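Trainee: Order-wise, the sequence lines are chains G and V.
So the first sequence is residues 1 to 111, counted in the numbering used here.
So the second sequence is residues 1 to 111, counted in the numbering used here.
Read the hints as simulated data drawn from the structure, not as lab findings.
Each hint should be verified, as a subset may be incorrect.
Copies of one chain are not kept apart here, so a pair can be met inside one copy or by any two copies together.
[As the list claims (entries may be wrong)] Derived DSS-like pairs (lysine-lysine); straight-line CA-CA distance at most 30 Å: (1) K4 to K23; (2) K107 to K4; (3) K4 to K56; (4) K73 to K57; (5) K107 to K56.
Predicted model, so just to flag it, every value in this text is computed and none were measured.
Number of protein chains: 2
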Amino acid sequence: MYEKNLNIGYLLDFYGDVLPERKRNVLDMYYNEDFSLAEISEEIGISRQGVRDIIKKAEEELCFFESKLGLSKKMTDLAQKTDSLLAVAIETQASAVVCEGIAELKKRIEQ
Amino acid sequence: MYEKNLNIGYLLDFYGDVLPERKRNVLDMYYNEDFSLAEISEEIGISRQGVRDIIKKAEEELCFFESKLGLSKKMTDLAQKTDSLLAVAIETQASAVVCEGIAELKKRIEQ
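Based on the provided sequences and hints, a complete structural model is requested.
Mentor: Right, here's the structure in full:
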């Protein structure tokens, strides 16, 4: 049984575009569309072991990017900080334009 | 004459860690330490054409990452938005804790 690493779905959203199309598609079917290995195997016409190998290599690439760049973690941290800042701004009755600006910033960080 | 692309230095700071060590070192010597091709050639013991080839391929990799992920541009945009927000916060007399929080956020974005 191949175990899903739930963090991979997030890394796929983040770094997926640098993966070759085939790898990205397989990971997408597996993590976002919840296909089984057998279903992916049938869909793209390779063995289940072949699917497993593609998934493993693609996961390793995504983890390599995050280990080197750490940008997924950085964006998550920034979104949390912005959220806390918005709470403080509301609490201290900052002007609407400031509160909206912080909320807009959070949206952009999360995009 | 090989022309320097000034944007590469920034992309190197941003994505450089995903490049293999040799490529990263050559780009670093060329863009950050301002070595000439001849000096790099002497330093690492390969021809000037070899150095030129390494630089070209490494530049292409960095540009590929940015074209796919756009994270360097995203961070620059976020830093600018945060800067504008700080100006608005100061202008509308937001509390010190809000202004400091925005300034801290900008520092983290630029780190």
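Trainee: None of the hints should be skipped; say for each whether it holds.
Mentor: Going down the list of hints, with the structure as the test:
| no. | hint | in the structure |
| --- | --- | --- |
| 1 | K4 to K23 | within (16 Å within a copy, 34 Å between copies) |
| 2 | K107 to K4 | within (28 Å within a copy, 36 Å between copies) |
| 3 | K4 to K56 | within (10 Å within a copy, 38 Å between copies) |
| 4 | K73 to K57 | both (21 Å within a copy, 28 Å between copies) |
| 5 | K107 to K56 | neither (32 Å within a copy, 36 Å between copies) |
Comparing the model with each numbered hint stated earlier shows that hint 5 is the single one that does not hold.
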